[in-house]
Every structure is written in C-alpha cells, then in structure tokens.
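Produce the entire structure from the sequences given, and follow the hints as far as they go.
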Amino acid sequence: MSNRDWGLAPLAPLSLRPADEVMRLERLGSLHACRLSFVRTLMRQMGRQRWQVSRERFDLDENGYGTVIYRLQTPYGRYHGVMFAQPLDDAARSDRVIAEAWDVTFGLVEGDVDDSLLAQMAANVPLQEAGRQHPRLLVMSRANKSLRNFAHFVEALANGRQPDPTWLTRVGYLYRTTAVYGNGKFGIADFARLHENPDFRRPFSAQMAGVYLLRHFSIEQVEHLARCRAPETACELATELRRYLGIGNSTGLGMAPFLINHPQLIAQWVNQRETALALVQRQTPSEHERARLIALTRRAIQHLAETVTEDVEQTERNTTTVEALPDVLAWLESAPLEEDLWAQLVAWSERTLSLEAQELINTLLIELYPEQVDPLEEQMGVNENLDLQPDMPLMRLRQLIETHYSWALEYEYTSREGSYWFWYRSTEKEEPRLGVRHEEPGTEKEMLIAMGPRVAHSHAAICEFLETTPRAKVVDFLLAKPRHKEIIRRVQTLVKSTYGDIHANLWHQGMKPMHLLRTKLAFFGASRFDPKSDRWVRITLLQGAPLVEELNAEPEDLSHFDDWSFPLQPQLEKGCVAPAELSPQGDQSPQGERSPLQQSPSQQQRTAQGGMSL
Amino acid sequence: MKVSFNELQGLCRKAFTGIGFEDGDAADAADMVAWMQCHGFNAVDQLNRGLDFLLEEDPEALPEVIYQDGDLAVLDGHGQSVLRSISLATELGFAKARARGLSVVKIRRCRNRQLIMGYLSRLAGRGINITAFWRNSQEPLTEQVVGFRAGHPTPEVRIYSVRDVPEENEPNDGITLVMANHVELLPSLGADHDLDLLARHSEFDLMACRERALQEGTEVDDAIWARLKTLAHRMLVESSDASRSGAGAGVNDND
Numbered sequence: 001m002s003n004r005d006w007g008l009a010p011l012a013p014l015s016l017r018p019a020d021e022v023m024r025l026e027r028l029g030s031l032h033a034c035r036l037s038f039v040r041t042l043m044r045q046m047g048r049q050r051w052q053v054s055r056e057r058f059d060l061d062e063n064g065y066g067t068v069i070y071r072l073q074t075p076y077g078r079y080h081g082v083m084f085a086q087p088l089d090d091a092a093r094s095d096r097v098i099a100e101a102w103d104v105t106f107g108l109v110e111g112d113v114d115d116s117l118l119a120q121m122a123a124n125v126p127l128q129e130a131g132r133q134h135p136r137l138l139v140m141s142r143a144n145k146s147l148r149n150f151a152h153f154v155e156a157l158a159n160g161r162q163p164d165p166t167w168l169t170r171v172g173y174l175y176r177t178t179a180v181y182g183n184g185k186f187g188i189a190d191f192a193r194l195h196e197n198p199d200f201r202r203p204f205s206a207q208m209a210g211v212y213l214l215r216h217f218s219i220e221q222v223e224h225l226a227r228c229r230a231p232e233t234a235c236e237l238a239t240e241l242r243r244y245l246g247i248g249n250s251t252g253l254g255m256a257p258f259l260i261n262h263p264q265l266i267a268q269w270v271n272q273r274e275t276a277l278a279l280v281q282r283q284t285p286s287e288h289e290r291a292r293l294i295a296l297t298r299r300a301i302q303h304l305a306e307t308v309t310e311d312v313e314q315t316e317r318n319t320t321t322v323e324a325l326p327d328v329l330a331w332l333e334s335a336p337l338e339e340d341l342w343a344q345l346v347a348w349s350e351r352t353l354s355l356e357a358q359e360l361i362n363t364l365l366i367e368l369y370p371e372q373v374d375p376l377e378e379q380m381g382v383n384e385n386l387d388l389q390p391d392m393p394l395m396r397l398r399q400l401i402e403t404h405y406s407w408a409l410e411y412e413y414t415s416r417e418g419s420y421w422f423w424y425r426s427t428e429k430e431e432p433r434l435g436v437r438h439e440e441p442g443t444e445k446e447m448l449i450a451m452g453p454r455v456a457h458s459h460a461a462i463c464e465f466l467e468t469t470p471r472a473k474v475v476d477f478l479l480a481k482p483r484h485k486e487i488i489r490r491v492q493t494l495v496k497s498t499y500g501d502i503h504a505n506l507w508h509q510g511m512k513p514m515h516l517l518r519t520k521l522a523f524f525g526a527s528r529f530d531p532k533s534d535r536w537v538r539i540t541l542l543q544g545a546p547l548v549e550e551l552n553a554e555p556e557d558l559s560h561f562d563d564w565s566f567p568l569q570p571q572l573e574k575g576c577v578a579p580a581e582l583s584p585q586g587d588q589s590p591q592g593e594r595s596p597l598q599q600s601p602s603q604q605q606r607t608a609q610g611g612m613s614l
Numbered sequence: 001m002k003v004s005f006n007e008l009q010g011l012c013r014k015a016f017t018g019i020g021f022e023d024g025d026a027a028d029a030a031d032m033v034a035w036m037q038c039h040g041f042n043a044v045d046q047l048n049r050g051l052d053f054l055l056e057e058d059p060e061a062l063p064e065v066i067y068q069d070g071d072l073a074v075l076d077g078h079g080q081s082v083l084r085s086i087s088l089a090t091e092l093g094f095a096k097a098r099a100r101g102l103s104v105v106k107i108r109r110c111r112n113r114q115l116i117m118g119y120l121s122r123l124a125g126r127g128i129n130i131t132a133f134w135r136n137s138q139e140p141l142t143e144q145v146v147g148f149r150a151g152h153p154t155p156e157v158r159i160y161s162v163r164d165v166p167e168e169n170e171p172n173d174g175i176t177l178v179m180a181n182h183v184e185l186l187p188s189l190g191a192d193h194d195l196d197l198l199a200r201h202s203e204f205d206l207m208a209c210r211e212r213a214l215q216e217g218t219e220v221d222d223a224i225w226a227r228l229k230t231l232a233h234r235m236l237v238e239s240s241d242a243s244r245s246g247a248g249a250g251v252n253d254n255d
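If you're matching them up, the sequences are chains Y and G in order.
The first sequence runs 1 to 614 under full-length UniProt numbering.
The second sequence runs 1 to 255 under full-length UniProt numbering.
The set of hints was computed from the structure by calculation and includes no laboratory data.
What the simulated footprint calls covered on chain Y by chain G, stretch by stretch (three residues with Cβ under 8 angstroms from a Cβ of chain G suffice, anywhere in the stretch; the number is not a length):
| # | region |
| --- | --- |
| 1 | 90-101 |
| 2 | 134-148 |
| 3 | 182-190 |
| 4 | 431-439 |
| 5 | 528-536 |
Facing chain Y, from chain G, some residues (calculated, C-beta under 10 angstroms):
| # | residue |
| --- | --- |
| 6 | Lys2 |
| 7 | Phe5 |
| 8 | Glu7 |
| 9 | Lys14 |
| 10 | Glu22 |
| 11 | Asp23 |
| 12 | Gly24 |
| 13 | Ala27 |
| 14 | Leu75 |
| 15 | Ser85 |
| 16 | Glu216 |
| 17 | Gly217 |
| 18 | Leu236 |
| 19 | Ala242 |
Quick caveat: nothing in here was measured; it's all calculated off a predicted structure.
The C-beta atom is built at its ideal place from N, Cα and C for all residues, glycine as well.
Structure, rendered in structure tokens:
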C-alpha cells in the first residue's frame, strides 16, 4: 500500500475482530484496563476540565471516626463527597453484600449539603441497603480497611518515617470498597437523570469519582491519625506513596448478572475498545512511537512482576505474560519500521502469545494514539432497549440465529457437565450464588442468565414451528409460543450489536466465573487481579492515578497527567521515597523526580525529604 | 416512601417473576408500571388493586387471535391483565401497520387497560403513530384516548365523559388500537360531540412529570412496596451454610 493509500485508509470501513473471537469468555477474562477504562477517562476529564477538590469539613476524632465532606467543583456543577467513618468490630468486617456495618460509608451528592441533608445522610448512608437514601445522592458506597496496611502506615507516619512501599505492592490500598451503588439503588438518583449532565453522563463515571474521593480521604485520614498519635514527630505521606496508593475492591458473582442483563452496554464498551484497536493498527508508526511502546511494555513487565497474588492460576498467568514479553521487546526492536507494523504485531502476538499477553499488547497499542482513541470515550454509553421486530420472517430469524449464535447451538446442555451449575439469588440480601444442579435446592428459582441454552431452546422451537408454517412471521410464532419473546428480541437486537452476548455455556462445569468478573473490572480500570477463589476477587483501582493536589494545580501537561497505567513500586532509600525508574515520574529526569513545574513547593519538599512534619 | 424509577422497575420485575410471569412478560410489565408511575398515572396503586386478580390468573390463558387479515385483528384477552402477554397483541398491530401502512387491532376482555400506555410508548419510540382508546360501561360513561406521534415516546391523553349513554351499552372491557406509518393519530375533541373533557394530559405536561420523578423520586405507599417485596422474595433461594459457600467468598476479610 502506498503512503497515499495509507493516508486515505481512515476513510475505509474499519475491520473489527469478529465477535466469535472477542466474546469468548476466556479472552474476555484476559482483558486489562486500558485508556478507555472508566477511571482513566474520568481522570482525563477531570484534568482537562480543571475540576477542583477542596475540603469543606473535616470532623474526625483522635481515632479517625467522624464526618468529612469534600467539595468537587466542575465547570458544570458542584458535588460533595460525604464520608462517615465509624468504629467496626473486627469480627463484623466482611466484604460480602450480606455485611451490615463497614469502616467507612459515603455518598456523592449532587449540589450542596445543608444541615438537613447531612442529618438525613448520617441516619441512612451508614445503613447502606437498609437505609432509605436521598434522591440527590448519585453514588452510595462503603469500604473496609486493610487493617495491616492501616496500622503500618499510621505507625510509620507517626514516627516520622515513610511506610515501606512493598506493603502497597502486596495490598495496594488502605480501603477496599465492597459495593459502589449508582442508578437509583435504594432511593438514590436514577442514571437517566444524568443523561444531560456533562460531568457524569458516561457509564460509571460518578461511581469512579466517588472512589477517587475515598482515596483522598484514606490519605487524609491516615495522616490525621498519625498526627493525633504523635503531633511532634508525625509526617505526611510522600507524594510517590500517595500516588501508589489505590482503592481496593472486593467483589463476587454480583458482577455476572450485570454483564448478561446489559448486553447492549457491554457491546458498546467492547465495540469502542475494538474500534480503538482497529484504528491503531491503521497508524503508520514512527521511531518515537516504537520507542514509546517499548517503554510501556517494560513498565508493564515490571508491574506484572510486582503483582502479588496467592492464587496459583493467576500467578501462573502473570508469570507466563512476564516471561513472554521479552520476546515482544525483541520483536519490536528488530522489526523493520513498516507502515503496517502494528497490524503485524497483533497478528504475530495472536500466533505466539497467551491470551492475556495478547490483550496486554492490544492495551499498550491503544495507549499510543490518544488523538485517535480518546474521542471513543464519549461513545461508551447507550440507550438500552431490546426491541422486537415482529414483522421479521421467522425463517430469517432462524438464519440469524444460525449465523450469529452458532456458538450457542454447538454446546450441549443435557449432560451433567453441560448443565452442572445453576445461578440463583439467595434470601440473604439477594446475593448471587452458584449451585450444583441435581444436588442443591433452588433450581426452580434459577436466574436466567445462561443465554446459550435459552437460544438453543428457542431455535429448536422455531425450527419445529417452521415445519408447519414456513411463511410465518416472528409475531405469529410468539402469539403461539410467547415464552420465547425475551430471547427473540434479544437476538434480533444483538445481531446488530454483535459484542453483546458472551460466547460461553454459563451452566458448564468448566465455566470460570472469574472471567466474567474480570471482564467488567477491566473496563472499570482495575489492576492487580487477586482472586480469592474461583468466584471472588480483589482488585485495585486508581493506583498510580494523579493526586487531588496535582489535579488542583491545573496540570498543563495533560499527556503526562494521564500517563499512570501499570504503576510501579516507588523506591525507599535512606528514608526517602523516589519514583521507580521506569515509572512516568522516573522517566522525567535522571534523578527520578518530577520536574519542578509539575509539583507544588510542598510536594517538592515532601518528595525530597521523604516526609514533612505536620 | 420515595423510590427511584430504576428501583421501582427492578422490584416490579422481580415481583412479576415471583407471580409466575415469563421472563419477557415480567420485564414488559415492570416497564409499563414504572413508565406509568413516573408519568403521574398512579400505576402502583392500580397494580395493587389488580394484584389479587393477577395472582389468580391462569398463566396458560394467553391472548388468542379470533380473527385477522392483512389490516385487522381481533384478539380475546381472556379477561386477563394487560400486564401479561398483551404486548404481543400490540406487536401484531405494529407488524400489520409496517406492512400495510395502517392497522386496527381490537383486544376484547382485558383488565388494567390504562397500563398498556407503558408498552405503546415503546412502539411509538420505534417510529409508529398510535392511537388507543377504550370505554368503560358504567355511569358516568368515560372514554380514554391516547395518541402517540411516531418517534415520540410520550403521548397526548384525553379522558372524556360521554353524556348520552347508548341504549345498547354492553360491557366494554376492550381496547382499540390504530397504528399508522405516516399519519398522526392524536386525540381531538370535536365541537359537535356530546362529550365533556374530564382530563387532558399534554405531551409537555407528561414529560415534565417524568422529569420531576427523576429529580425527586416517586412516592409509593409503604404497604404496597412491602407487598411487592414479598412477591419478589418468592424467587429467592433459602440460604444455608452450603449455599453461602456458593458465593465463593472467604470466611475472613481482615487483611
């Protein structure tokens, strides 16, 4: 292809990967956070639009209990993060939805918080699901402490020392959320209300903003405790450690029904990511971009090498990826700089690497071209409507199923293995659970989230109906067999959004629920996947993300502000904390410090001295 | 108590599933109730009044086509609530209008007729003009006319009182639906008609009502809410030590 042809290439239709490749559960379960993930897009928006965070109230006692309010000012509106910190017995600390008390509960409020609203929130937010929440709350959430990190951080800071960064490598947060509610749950604001709100109309952006404020709170609370304990010696947390501090999330099967029940939304997310990947492969690389990809790959290698999990399988996956990436570096360094280098890289990685390594390469490639990719972040939302096309010839529907849902027709659902699991909700706070069919009670109350068997069942009924009524329309069939309505309109809708259904038998004994969890968490922007079982995982959000003080400083270099993926462990030497050599901050200067232009005077002092007396 | 739109829709869907609705019907019925409630039509109260009937309905007695040709269809709703499967009768009208330009569907013997507006809103959003009307037969005789412009999910609604009751005033528990591709079918009150306008809900007013419900939540009676929760509870599986392990979490979350 000539240069001129490549110049015209963006006008040609994009060739996206087929759904049968992308939507396989194993591949979805290998996704990494990317620059279209929600925490990344939120931080970019905050930096670009110069959002400001300020402390409006800080009423914590010497134990760190009390109320804190942060103001979040955007060009469009004003919001408040209201935090309630309370004592919690260690025995009551549970990450599960069935818990009834937490170390911190909080909400993100649209508009101002007057005394009346604060009183209403104080009476209800700590109760979470058991309370009746105010309709001006956009987000409601709760979090539990990482006790070991918390104690270590308070002790170190109280003694005027910086905590050991390796503690944050093992567990990357002081708090982990156990649910972050939006969209009308328990009386809070409907997401539909935000459709015209430029701050939070993107999916999950309000939830991520709430988590960002919690991260800031965790830093301020731990410093407050250190100051209360030893006012003479206490110091602040070093900037590099603040940045390396994320917020954890502990989650289970609850994510699975969301993925299945919002297929158009999932299709939209995957479609934007695939579009980004296709756009990137059209770009003619420069030496600068090749060098940038090599640097990002090195950072990712180190990040994964530093990722700690006790889960044997995840450890193996991380190790496999880390061991494969030097080959990627060698390939990148030796390949001629041809116009289709990125397409060659993707094709080579598909032939050579594990799924997780392939998707890592894709994630890194997407990182290279912000101008091409970032506009896609405005396309992550969608109006969800599974609409019937009643006038469609039934024969046409049959053909569509056989074309687009062949994966569902290929599975078998009658053997013990093929129908092993059933999904249900428990009477305990409606917690989603998996039961073994034929062994455990409750199959008559099964949650219908396994689409494969339902599509296959409808297909069989359609074929039978067509034998006697070959010219029937869809509505004729449904008037005779109405129970197929839901699956038929789903199919009719999703053949136009082919990334909507996950190509897997969710009943199968070998099905791995962890892949479902990771799919959604990757789009949130999670890192440090740390499975605690085959259906329970802890992750970290916002580790490496810019700090409130960096946001408030109105960053001029937004590309640097945005460059925080795959965060690396800072270095603690002689009491001082320095950025890791390969981190974006480490890249800034040979001394491993950020340029003075990017730091406030207090930050410069904090970094240099490893802490400052409070 | 104040509840959100999504909360109401979600609980209704679970409650309808608990009653025994098929998955698609439960979703449609929940959409209808939530749509009506946030547009100010007190659908939750209507649902509550009809709940006992709904619980006794025969789930196998589905709407049945008595007559149809290319333009017309007559269906028997078997006295059931429009919440159960009646959406397919409206879809039949939609399919005929798409194919022939205009269709008329009569659904005889059905209850909770007003709630059908919630589903017609979806059809209108798909680009069809709709008018729906129904009369009751008790005095005062009233007639409700609902008109949707194609592409507008919010209708114009008029409720009239008919002064002169026809001599042959048979029980009237049906709905008439007229759908057209290219002709607007909005309610209007002719000057010569012997009718009194009892209520008029403009598209603008109804949209404002929805906006308010999204801003402030919608008021629902506590007892009705509790009843819906009880019905939703039917689909939950009793917890046990074994089932708790089915969530896959650890036993100690201190780290």
